[in-house]
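Given chain X's structure and the hints, the job is docking chain R onto it.
2 protein chains.
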Amino acid sequence: MVEETPQSGEDRLIARYFRPLATHPGALGLSDDAATLTPPPGCDVVLKTDAVVGGVHFFADDPPELIAKKALRVNLSDLAAKGASPAGFLLSLVLPETVDANWLDAFARGLGEDAHAYGCPLMGGDTDRTSGPLTVAIAAFGTLPTGSMVRRGGARPGERVIVTGTIGDAALGLQLRRDPQATARWRLDPRQSAHLLERYLLPQPRNALALALRQHASAAMDVSDGLVGDLGKLCAVSGVRADIEVVRVPLSEAGRTAVAGEASLIETVLTGGDDYEVVATVAPAAMTALAAAAEAAGVALTEIGTVAEGRGAHFFDRAGNALLFKQPSFSHF
Amino acid sequence: MVEETPQSGEDRLIARYFRPLATHPGALGLSDDAATLTPPPGCDVVLKTDAVVGGVHFFADDPPELIAKKALRVNLSDLAAKGASPAGFLLSLVLPETVDANWLDAFARGLGEDAHAYGCPLMGGDTDRTSGPLTVAIAAFGTLPTGSMVRRGGARPGERVIVTGTIGDAALGLQLRRDPQATARWRLDPRQSAHLLERYLLPQPRNALALALRQHASAAMDVSDGLVGDLGKLCAVSGVRADIEVVRVPLSEAGRTAVAGEASLIETVLTGGDDYEVVATVAPAAMTALAAAAEAAGVALTEIGTVAEGRGAHFFDRAGNALLFKQPSFSHF
Chain X
1 MVEETPQSGE DRLIARYFRP LATHPGALGL SDDAATLTPP PGCDVVLKTD
51 AVVGGVHFFA DDPPELIAKK ALRVNLSDLA AKGASPAGFL LSLVLPETVD
101 ANWLDAFARG LGEDAHAYGC PLMGGDTDRT SGPLTVAIAA FGTLPTGSMV
151 RRGGARPGER VIVTGTIGDA ALGLQLRRDP QATARWRLDP RQSAHLLERY
201 LLPQPRNALA LALRQHASAA MDVSDGLVGD LGKLCAVSGV RADIEVVRVP
251 LSEAGRTAVA GEASLIETVL TGGDDYEVVA TVAPAAMTAL AAAAEAAGVA
301 LTEIGTVAEG RGAHFFDRAG NALLFKQPSF SHF
Chain R
1 MVEETPQSGE DRLIARYFRP LATHPGALGL SDDAATLTPP PGCDVVLKTD
51 AVVGGVHFFA DDPPELIAKK ALRVNLSDLA AKGASPAGFL LSLVLPETVD
101 ANWLDAFARG LGEDAHAYGC PLMGGDTDRT SGPLTVAIAA FGTLPTGSMV
151 RRGGARPGER VIVTGTIGDA ALGLQLRRDP QATARWRLDP RQSAHLLERY
201 LLPQPRNALA LALRQHASAA MDVSDGLVGD LGKLCAVSGV RADIEVVRVP
251 LSEAGRTAVA GEASLIETVL TGGDDYEVVA TVAPAAMTAL AAAAEAAGVA
301 LTEIGTVAEG RGAHFFDRAG NALLFKQPSF SHF
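If you read the sequences in order, they're chains X and R.
So the first sequence is numbered by our numbering: it starts at 1 and just counts up by one.
So the second sequence is numbered by our numbering: it starts at 1 and just counts up by one.
Isolated chain X (complex conformation) (with noise of 0.2 angstroms):
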């Protein structure tokens, strides 16, 4: 007589390493084949998913715990970005076979820390093989106020454009990793290298903002695909033109060297992407508001231009002259 079925390796393996991270009572414990979560009254459900894939959204020997990160911080980065919190979220791990334990601890621990830091348990999951890369693919799930989220649409003419954070390192980051030589062209010191490569690696999430952004802006969105095409995205779903000075940009000093050094990057800056920042568009009475709370929050914020009548996000330089850019924004395709 068969006592008992035997677990499967695929059973063991969610008990010993993703078990753990399913620390919310609609998960039941990753024992069942769903989770249920639910809002609380008179709030809505914000839903999202972005899949990270070895050696287009990471180096295959990137550090597990940070793949980990990255995938999860790109869901939570829309999830701030919409004025939600965080409530929970779903993994695929689609796992090639050079994947082994010491893999999987590493991944488990990086993914609990970020659950655990942002409040937002792992609620179930899938495991698979490929012969493929490894594939991440995180669903997050916000909650805010029915009607509340905070959409692409809602942009004003009259209104201030604002961004988190610096934009352009990310950028940068992945420029340094597929040429390291670009560290002495670009005259960059050590710890200056370390930031931009770092923040390729890290994002790091606005959540700290989602509140206000939804008590202040108008339209919002975070940046993952170049500051100028998703401001793009923002004015042709607003109905709107922004006028943007790129010297006003904010850039870290990392940035700063790097575009002095070789000034064409100011392209790589605005268009390259990964940079889990917000932009958003903001009334002016409620500048200060939305200031204050940054500021409370430990997340910089810059106003860099304005919103107007007509169409398209454009970017001048300090002469006025407007810049092109060869391709706005990052696709895949």
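Hints in this document: simulated from the structure, not taken from any laboratory.
Distance ranges between label pairs, derived from CB positions:
#1 X:H116 with R:P20: 35 to 41 angstroms
#2 X:G158 with R:P20: 33 to 39 angstroms
#3 X:D179 with R:G42: 54 to 60 angstroms
#4 X:E245 with R:G42: 46 to 52 angstroms
#5 X:T288 with R:E113: 51 to 57 angstroms
The calculated DMTMM-like cross-link candidates involving lysine to aspartate or glutamate, where the alpha carbons are at most 25 angstroms apart (straight line), are:
#6 X:K326 with X:E245
#7 X:K326 with R:E10
#8 X:K326 with R:E97
#9 R:K326 with R:D179
#10 R:K326 with X:D11
Don't be surprised by glycine CBs; every beta carbon is placed ideally from N, CA and C.
Just chain R now, with coordinates in the frame of chain X:
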């Protein structure tokens, strides 16, 4: 002056193939970074994700319409077993270079047909490139009254065990796919072969039975990794044992023919998986009502055994001997 930010290839792909599937108002026509779902008052959102990977869950040259449908249906099947009404889904589509416009067109058409048929619209998604096989990760959402999800853990001694449809067809279909000679060995006529192949390609999730399961089942799950292993999991979480008479497990005519031709195939039938049927436990007093609901829904329902005190899922032959299985459950690991 740049008059408007040009659309990227990814934007065009989304607009052309996937926007028509985003019929839910909360999907905002895929024009935003996230979607909103407003569950009916007093309802939970049920969350599920399952990915399908080329070369693992389907063959790379399967018709794209059917790959799309399988990717959605494996998730719909879980919503059905949990008693939830489909509400929508997120799609992460990871595409190899070989995928072209014709492929995408057929994929989106198949996905759209099922989104419509099952009342489960596309809420959002993400498209990426990969150097590996096509991967489709779907996260599906359902709703049901708060606390009413049918869990694995509710089975009680004295109850009956039921399954929907027929068991083993897809696992036999997969064997046929890999070994076309088996058609002759198993003495299948062409119609029987076609039936098994079709059952592997296109699951038939039992969403028509979701409400009745919520009303009448004490525990349920979908059979995706094989009846033996899946029922074993249900028993483990419920803290009960199940005794199943193998002769009562419903087989299709093709399945019966194959097993008659090669008796050892009963192990494939019971442990091979990919069934996407429902196994559930039901109190004796609720059997009549559930059977009536199943008949009204056009879903075959068969009683296959009983729940008792103890542990494990036990399968007995006509002589009352317990069957032992080499691998009770499909596992990728």
